[in-house]
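Visitor: Input sequences plus hints: build the corresponding full structure.
Chain order of the listed sequences is B and Z.
Here the first sequence stands for residues 1 to 406, where the numbers follow this note's numbering.
Here the second sequence stands for residues 1 to 139, where the numbers follow this note's numbering.
Any given hint might turn out to be false.
As the list claims (entries may be wrong) - DMTMM-like, lysine to aspartate or glutamate: derived pairs with alpha carbons at most 25 angstroms apart:
1) B/K164 / B/D211
2) Z/K54 / B/E262
3) Z/K126 / Z/D19
4) B/K83 / B/D211
5) B/K314 / B/E299
6) Z/K42 / Z/E60
7) Z/K42 / B/D370
8) Z/K32 / B/E240
9) B/K353 / Z/D22
10) Z/K23 / B/D352
11) Z/K67 / Z/E9
12) B/K78 / B/E63
13) Z/K54 / Z/D73
14) B/K393 / Z/D22
15) B/K184 / B/E262
16) B/K314 / B/E262
17) B/K402 / B/D320
18) B/K22 / Z/D22
19) B/K393 / Z/D18
20) B/K353 / Z/E5
21) B/K138 / B/D114
22) B/K402 / Z/E29
23) B/K353 / Z/E60
24) Z/K23 / B/E396
25) B/K83 / B/E214
26) B/K402 / Z/D95
27) B/K402 / Z/D22
28) B/K241 / B/E214
29) Z/K54 / B/D28
30) B/K74 / B/D295
31) B/K22 / Z/D19
32) B/K142 / B/D182
33) Z/K42 / B/E366
34) B/K353 / Z/E12
35) B/K402 / Z/D19
36) B/K402 / Z/E12
37) B/K353 / Z/E13
38) Z/K129 / Z/E5
39) B/K306 / B/E396
The hints are simulated quantities; they were obtained by calculation from the structure and are not laboratory data.
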Amino acid sequence: MSLDIQKIRNDFPILNQQVYNKPLIYFDNAATTQKPQVVIDEELKIYSHENSNIHRGVHYLSEQLTQRYEDARKVVRKFINAKHDYEVIFTSGTTESINTIAFSFGEKYISEGDEIIISTLEHHANIVPWQMLCERKKAILKVIPINDKGELLLDEYQKLISPKTKIVAVNQVSNALGTVNDVKKLIDIAHQQNIPVLIDGAQSIQHGNVDVQELDCDFFVFSGHKIYGPNGIGVIYGKEKWLNEMPPFMTGGEMIKKVTFEKTTFNELPFKFEAGTPNYVGAIGLVAAINYIQDIGLENIAVYEKELLDYATKKLESIDGLRIIGTAQKKVSVISFVLNNIHHYDAGMVIDKMGIAVRTGHHCAEPLMDRFNIEGTIRASFSFYNTKEEIDKLYEALLTVKQMFS
Amino acid sequence: MTLNEQQDEIIEEFSVFDDWMDKYNYLIELSKDLSVIDPKYKTQEYLIEGCQSKVWLFAEMDGDVVKFSADSDAIITKGIAALLVRVLSGQKPADILNNELYFIDKIGLQQNLSPTRSNGLLAMVKQMKLYAMAYNASR
Chain B
1 MSLDIQKIRN
11 DFPILNQQVY
21 NKPLIYFDNA
31 ATTQKPQVVI
41 DEELKIYSHE
51 NSNIHRGVHY
61 LSEQLTQRYE
71 DARKVVRKFI
81 NAKHDYEVIF
91 TSGTTESINT
101 IAFSFGEKYI
111 SEGDEIIIST
121 LEHHANIVPW
131 QMLCERKKAI
141 LKVIPINDKG
151 ELLLDEYQKL
161 ISPKTKIVAV
171 NQVSNALGTV
181 NDVKKLIDIA
191 HQQNIPVLID
201 GAQSIQHGNV
211 DVQELDCDFF
221 VFSGHKIYGP
231 NGIGVIYGKE
241 KWLNEMPPFM
251 TGGEMIKKVT
261 FEKTTFNELP
271 FKFEAGTPNY
281 VGAIGLVAAI
291 NYIQDIGLEN
301 IAVYEKELLD
311 YATKKLESID
321 GLRIIGTAQK
331 KVSVISFVLN
341 NIHHYDAGMV
351 IDKMGIAVRT
361 GHHCAEPLMD
371 RFNIEGTIRA
381 SFSFYNTKEE
391 IDKLYEALLT
401 VKQMFS
Chain Z
1 MTLNEQQDEI
11 IEEFSVFDDW
21 MDKYNYLIEL
31 SKDLSVIDPK
41 YKTQEYLIEG
51 CQSKVWLFAE
61 MDGDVVKFSA
71 DSDAIITKGI
81 AALLVRVLSG
91 QKPADILNNE
101 LYFIDKIGLQ
111 QNLSPTRSNG
121 LLAMVKQMKL
131 YAMAYNASR
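Guide: Here's what the structure looks like:
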């Protein structure tokens, strides 16, 4: 089925505006996605008519909204095909999700001399929490190398695995390059040695179907705002057996069973990991976003985004002096590139004034930039509401940049 | 020229541009005029590292005024650095400390000095004032 892009664009009010007197072209979707009207309406409706703190209230509003929050958990469970509702934990986003797991898993299972495997492709959010854990526990961080296309080297990965390896944490899609990793294979290899695997799905969840049972990952994390949902809502999926064993990360209200000044006992899953008032508005808004993209169809989205990626790759490659960083066989609709020796900041400043939103810099992946021996890139990331005409505009903007700085 | 006369002159120069591209092209021109830092000072010690671009800044006293020189790896940043050097270099430490920098705002480049932009320029201004403060104190 081909998508009616004009109709889709009308669902996103933000797209219909001018910046610097030019039509806005939004190519920063890997940083955050825009929100369809249904998501905006849902949040507005909750604050206008339904708001109340959930779970402990015995009054009408609280009971109604508690039900909707718990229903949201079910929708997410179904969306990623988790086995149980209580394996879905709401957080503020991917960063909190990974920090929670790194802390809790680390408290329980990591001790001196143990090893943790991540990859060169990781976002700082999937590096630093493990680094801090390693410092705390005197454990060792090992990093899966990549080839020049930006693909993980599976042979090297296999060599890194040792009897000391306690967990593997990798992204399904690289935020900076768009590489799609064969996480199924990574998980299978780790599981042969009974090593659990965390998949950072922040950049994959919006581009295709995710089935955590089929992947058999032990943890899967993502953010609502990258999948057309609200800001400040995220998810941890974790297998029950791990979540039950792991101690809570944050403590406070909601997550306790009984508190005395002598001792506190913790609530059961999923509440053990949801201390304090959860972001119920975000969780319910996320449902609106999931419903919206499921109506369009993630398969249809993937097909159209691939079309945009292929079109843009061809177009940009035709610019003399432009070098794409990250040329993996399998990519999502993200293109990172450098242009001659023009500084990415200079390029970004000029592209911005043409009404085009791209991201420049190291994309919170400094070790990855070091691997390619560059300071940063210009990154254009496309969504299903973008068009080929917009890509043409980026192409023209890049020609102008080239002319100005050479 | 006093510090504020320099600022006013820059505002006057920029007033002819109504297009961003013209403004940027002018900054690119200015970047070429910057009294570039002596290569021996283009080191870690004089580096002001931003998240987006890097700036190097060197200062020395020349009689009773401060002389600044700078460089950047990004051209637009370098153009703005050139403006800052033009305004503050050759001024007395007390004047650098006591005068407000208003020209950046007036020529519409204030985004480039916002704390979140992290291109090294805000830190550069801070560093220029610190040098002035140190020279002022040692007099």
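Visitor: It remains to establish, for every hint, whether it holds in the given structure.
Guide: Here is how each hint holds up against the structure:
{"no.": "1", "hint": "B/K164 / B/D211", "result": "violated (29 angstroms)"}
{"no.": "2", "hint": "Z/K54 / B/E262", "result": "violated (54 angstroms)"}
{"no.": "3", "hint": "Z/K126 / Z/D19", "result": "violated (29 angstroms)"}
{"no.": "4", "hint": "B/K83 / B/D211", "result": "holds (10 angstroms)"}
{"no.": "5", "hint": "B/K314 / B/E299", "result": "holds (23 angstroms)"}
{"no.": "6", "hint": "Z/K42 / Z/E60", "result": "holds (15 angstroms)"}
{"no.": "7", "hint": "Z/K42 / B/D370", "result": "holds (21 angstroms)"}
{"no.": "8", "hint": "Z/K32 / B/E240", "result": "violated (62 angstroms)"}
{"no.": "9", "hint": "B/K353 / Z/D22", "result": "holds (11 angstroms)"}
{"no.": "10", "hint": "Z/K23 / B/D352", "result": "holds (14 angstroms)"}
{"no.": "11", "hint": "Z/K67 / Z/E9", "result": "holds (19 angstroms)"}
{"no.": "12", "hint": "B/K78 / B/E63", "result": "holds (23 angstroms)"}
{"no.": "13", "hint": "Z/K54 / Z/D73", "result": "holds (6 angstroms)"}
{"no.": "14", "hint": "B/K393 / Z/D22", "result": "holds (19 angstroms)"}
{"no.": "15", "hint": "B/K184 / B/E262", "result": "violated (46 angstroms)"}
{"no.": "16", "hint": "B/K314 / B/E262", "result": "violated (66 angstroms)"}
{"no.": "17", "hint": "B/K402 / B/D320", "result": "holds (9 angstroms)"}
{"no.": "18", "hint": "B/K22 / Z/D22", "result": "holds (16 angstroms)"}
{"no.": "19", "hint": "B/K393 / Z/D18", "result": "holds (22 angstroms)"}
{"no.": "20", "hint": "B/K353 / Z/E5", "result": "violated (30 angstroms)"}
{"no.": "21", "hint": "B/K138 / B/D114", "result": "holds (8 angstroms)"}
{"no.": "22", "hint": "B/K402 / Z/E29", "result": "holds (15 angstroms)"}
{"no.": "23", "hint": "B/K353 / Z/E60", "result": "violated (37 angstroms)"}
{"no.": "24", "hint": "Z/K23 / B/E396", "result": "holds (19 angstroms)"}
{"no.": "25", "hint": "B/K83 / B/E214", "result": "holds (11 angstroms)"}
{"no.": "26", "hint": "B/K402 / Z/D95", "result": "violated (40 angstroms)"}
{"no.": "27", "hint": "B/K402 / Z/D22", "result": "holds (15 angstroms)"}
{"no.": "28", "hint": "B/K241 / B/E214", "result": "holds (17 angstroms)"}
{"no.": "29", "hint": "Z/K54 / B/D28", "result": "holds (23 angstroms)"}
{"no.": "30", "hint": "B/K74 / B/D295", "result": "holds (18 angstroms)"}
{"no.": "31", "hint": "B/K22 / Z/D19", "result": "holds (12 angstroms)"}
{"no.": "32", "hint": "B/K142 / B/D182", "result": "holds (19 angstroms)"}
{"no.": "33", "hint": "Z/K42 / B/E366", "result": "holds (22 angstroms)"}
{"no.": "34", "hint": "B/K353 / Z/E12", "result": "holds (22 angstroms)"}
{"no.": "35", "hint": "B/K402 / Z/D19", "result": "holds (18 angstroms)"}
{"no.": "36", "hint": "B/K402 / Z/E12", "result": "violated (29 angstroms)"}
{"no.": "37", "hint": "B/K353 / Z/E13", "result": "holds (20 angstroms)"}
{"no.": "38", "hint": "Z/K129 / Z/E5", "result": "holds (19 angstroms)"}
{"no.": "39", "hint": "B/K306 / B/E396", "result": "holds (21 angstroms)"}
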